[in-house]
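Asks: Residue strings, one per chain:
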Amino acid sequence: MTLVKIDRGVALLFGVAFAAVIATGLGMRGDAGVFPAIAGSLGIIACIGLALGTLRSNPSDEPSAPLEVRRLLIICLCVLGLLVLMVTAGTFIALPLFLFAGLRWLARLRWLTSLLISLGFTAMIYLIFVQLLAVPLPSGWLTS
Amino acid sequence: MDVLLPALANVLTPLALLTLLLGTMAGMTIGSLPGLSSTMGVALCIPITFNMPPDLALMLLGAVYVSSVYGGSVTAILLRTPGTDASIATALDGYPLAEAGRGGEALGMATLASLFGGLFSVVVLLVIAPPLSTVALAFGPQEYTVLAIFGLVTIVGVASDRPIKGMLAAAVGLVLACVGLDNFTGIQRFTFGNSELFDGVPLLPALIGLFSVSQAFNLCVPTAGGVLTGQGQKLKGRNLPLWRDLKRCLRTLLRSSVIGSVVGILPGAGTSIASFISYNEARRHSSTPERFGKGELEGVAASESANNAVTGGTLIPTLTLGIPGNAVTAVFVGGLTIHGMIPGPSLFTQHAETTYTLIFSLLLANVLFAVLGLWLCRYLVVVTKVPGAVLGPMILVFSVIGTYALRNEIFDVWLTVAFGVVGFFMERWRYPAAPLVIALILGPILEVNFRRSMQISHWDLTTFFTRPLSLTLSLLVVAALAYPIWNQWRRHRAALD
Chain A
1 MTLVKIDRGV ALLFGVAFAA VIATGLGMRG DAGVFPAIAG SLGIIACIGL
51 ALGTLRSNPS DEPSAPLEVR RLLIICLCVL GLLVLMVTAG TFIALPLFLF
101 AGLRWLARLR WLTSLLISLG FTAMIYLIFV QLLAVPLPSG WLTS
Chain B
1 MDVLLPALAN VLTPLALLTL LLGTMAGMTI GSLPGLSSTM GVALCIPITF
51 NMPPDLALML LGAVYVSSVY GGSVTAILLR TPGTDASIAT ALDGYPLAEA
101 GRGGEALGMA TLASLFGGLF SVVVLLVIAP PLSTVALAFG PQEYTVLAIF
151 GLVTIVGVAS DRPIKGMLAA AVGLVLACVG LDNFTGIQRF TFGNSELFDG
201 VPLLPALIGL FSVSQAFNLC VPTAGGVLTG QGQKLKGRNL PLWRDLKRCL
251 RTLLRSSVIG SVVGILPGAG TSIASFISYN EARRHSSTPE RFGKGELEGV
301 AASESANNAV TGGTLIPTLT LGIPGNAVTA VFVGGLTIHG MIPGPSLFTQ
351 HAETTYTLIF SLLLANVLFA VLGLWLCRYL VVVTKVPGAV LGPMILVFSV
401 IGTYALRNEI FDVWLTVAFG VVGFFMERWR YPAAPLVIAL ILGPILEVNF
451 RRSMQISHWD LTTFFTRPLS LTLSLLVVAA LAYPIWNQWR RHRAALD
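Chains as they are written, first to last, in UniProt numbering: chain A, 1 to 144; chain B, 1 to 497.
Watch out, some of these pointers could steer you wrong.
As the list claims (entries may be wrong) - Straight-line alpha carbon distances no greater than 25 angstroms define the calculated SDA-like cross-link-like pairs of lysine to any residue that follow:
no.	chain 1	residue 1	chain 2	residue 2
1	B	K385	A	T113
2	B	K385	A	L119
3	B	K385	B	L137
4	A	K5	B	R428
What the hints assert, rightly or not - Far from chain A, some chain B residues (derived; all Cβ distances over 10 angstroms):
no.	residue
5	L137
6	F190
7	G193
8	P222
9	M454
10	S457
To be clear, the hints were calculated from the coordinates, so they are not data collected in a lab.
No experiment lies behind these values; they were computed from the predicted model shown.
Every residue, glycine too, gets a C-beta built ideally from N, C-alpha and C.
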C-alpha cells in the first residue's frame with residue numbers, strides 16, 4: 001500500500017472521529033465542551049488538508065516500507081501473553097517466558113543462550129524493581 | 001546565593017556523584033546504540049527515579065539526557081551509523097577521519113566539542129533562566145494561553161517537515177488531553193465510564209509507549225533490525241586532537257555553541273537542526289571549505305558542540321515557562337511532575353534548591369561524559385553489535401515493568417502497549433509523535449488558561465491583544481505561523497525557477 005492511500009484512509013477515519021468529538025463537545029453542559037470542539041475542529045481542518053494533499057497529482061508517491069507481518073504478529077502475541085501471564089501466573093513467571101520466546105523466535109538465539117539471557121535479565125529486573133525500588137509487582141492470582 | 005551553595009553541596013555528595021556516574025554511563029550507552037534515542041533513554045529512566053528523592057531523580061534524568069546526545073557521536077565516527085539523529089552531521093567528517101586512521105583524534109575532538117557546547121549551554125541556562133522565570137511570574141492566563149499556542153504552532157510548523165501531519169498529531173494530542181473529569185464543571189469527558197481515565201490520559205504511559213515501546217517494536221520487527229553490519233573502523237593513533245587543531249577550531253566551537261543554545265531555546269527545533277546549521281556555518285566561514293565532508297576536524301567540532309549546546313537551551317523554556325520545546329524535554333516534564341514539581345516559574349521559587357541542583361549537576365554530567373568518553377569510547381562500539389531483536393524484548397520488559405511501577409496499575413501497562421503500537425505505525429507512516437506528546441502536555445495548560453481568560457474577559461477574544469505581554473507573544477505566534485508558509489512558498493518558487 002502506498003503512503004498516499006494510507007494518508008487518505010487516516011484522513012477519513014480521523015475525520016469521522018473528530019466530527020464525533022465536536023458533536024459530543026457541543027452537547028456538553030456549560031463551557032466544558034468548548035475546548036474539545038476547538039481541538040476537534042483543528043483535527044477536521046488537518047484531515048481536510050491531508051485529504052486534499054493526497055488528491056493532488058503526486059509523482060513521489062512512495063510505497064510504505066514492507067512490513068514483516070509474521071514477526072509483528074509474533075511480538076504482538078508475545079506482549080499479549082506477557083500481560084495476561086503477569087496478572088494470572090505472576091510477573092516472575094511471565095517475564096522469563098516472554099524473553100525466552102522473544103530471543104528464541106525473533107533474535108533466533110540458541111536455546112541455552114536464550115534461557116540464560118532470559119533468566120539473567122529477569123534477575124536484574126527483580127533486583128532493581130523489587131529489592132531496590134520495592135515495587136509490588138503482580139504476583140498473579142494463579143500462584144498466590 | 002542562599003540556594004546556590006546548598007545546591008552545589010547537593011551535587012557533590014557521594015550518592016549524587018554515583019547517580020551522575022550511572023546516569024552518564026547509561027546515557028552514553030543508549031546514545032551510542034542506533035535506534036535508541038535520548039527521548040527513549042529519559043523515558044525509560046523515569047520509573048526508576050520514582051522512589052528517589054527529587055534532586056537525585058532529576059540528576060539522573062539530566063545526566064542521561066546530556067550524555068546520550070554525546071553518545072551518538074561514537075558510532076557516527078567509527079561506524080558511520082549515528083546513534084542519534086543529533087550526530088548525523090558528525091558522521092560526514094568523522095567517518096572519513098576514522099577511515100584515514102584518525103578515529104581517535106575525531107573522537108577526541110567530538111568529546112571536547114561536546115563538553116564545550118554542553119558547558120556553554122548550561123552557563124546560558126544558569127544566566128537566562130532565573131530572570132526569565134521572574135518575567136514569567138507576571139504572566140496571567142492570557143499570556144499562558146498564547147504561550148501554549150506558540151509552543152504548539154512551532155512544534156507543528158518547525159519540527160515536522162510535514163506540517164499537516166504534525167497538525168493532525170497535535171489535534172489528536174489535544175483531544176486526548178480533554179479526556180477525564182473537567183476541572184471547571186466536574187463532568188466526565190470521553191472516559192466511557194472508565195474510572196482509570198477520570199484523571200485524564202496518564203502522561204508517562206503515553207510517553208513510554210510512544211518513544212520506548214514503539215522503538216522496541218522497530219527493533220524486533222525487521223529481520224535485521226538494529227544489527228550493525230561490518231566491523232567499523234579500528235581506533236588508531238592519538239586519542240586527542242593536536243593543540244593547534246583545537247586552537248583553529250575555537251571560533252567554530254564558540255559559534256556553534258551559540259547556535260546550539262539559541263536553537264535549543266526555540267520550541268520545535270532540535271539537535272539535528274542545530275548541528276546542520278552549525279556545520280554549514282563552519283564550512284561557510286572556513287578557509288578550506290573543500291575539505292568538509294572528506295575528513296575535517298572542524299566539521300566534527302561544529303556538529304558536536306552545537307548538538308550538546310542544545311541540551312541546556314531546551315531546558316530554558318521548559319523550566320521557566322513550563323513549555324517543552326521538543327520530545328525529550330516533554331519527557332523531562334513528565335519526570336518533574338511525578339516528583340510534584342510543576343514546570344514554570346515556581347521551580348525557581350518553591351523548588352529553587354532542587355532546580356539549581358539539577359543545573360549544577362548538568363555541568364558535572366558534561367565533565368563526566370567527557371572523562372568517560374575519552375577513556376571508554378572504544379569499548380562502547382562493542383555494545384552496538386548487540387542485535388536489535390535481542391535489545392527489543394529487553395526494552396519491552398523494562399517499559400512494561402517501569403510503567404507498572406509508576407502507579408501499580410495494569411491498565412497503564414495496556415495503555416503503554418497501545419501507545420507503542422500507535423507510535424510504531426506513526427513512524428512507519430511518517431506522522432511525527434512529538435506534536436502529539438507536546439499537545440498532550442500543553443492541552444491542559446491551554447484549556448485552563450483559555451477558559452480563565454474567557455471568564456475574566458466575558459468571552460472577549462481581544463483580551464489576548466490588549467495586554468502588552470500577550471500582544472508580544474501573539475505576534476510571535478503570527479511569525480511562527482507565517483514561517484512555514486513563507487518557507488513553502490520559497491521552496492515552490494525555487495522549484496519553479
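Asks: Compare the structure with each hint and give your call.
Replies: Hints and how they fare:
1. B:K385 / A:T113: Judged against 25 angstroms, a Cα distance of about 16 angstroms means the pair holds.
2. B:K385 / A:L119: 21 angstroms, holds
3. B:K385 / B:L137: 50 angstroms, violated
4. A:K5 / B:R428: Between K5 (chain A) and R428 (chain B) the Cα gap is close to 14 angstroms, so the pair holds against 25 angstroms.
5. L137: 26 angstroms, holds
6. F190: 7 angstroms, violated
7. G193: Correct as stated: the minimum Cβ-Cβ distance to chain A is 14 angstroms, above 10 angstroms.
8. P222: 6 angstroms, violated
9. M454: 7 angstroms, violated
10. S457: Holds, because the least Cβ-Cβ distance between S457 (chain B) and chain A comes to about 13 angstroms, which exceeds 10 angstroms.
Figure legend: structure checked against the earlier numbered hints; hints not met, in rising order: 3, 6, 8 and 9.
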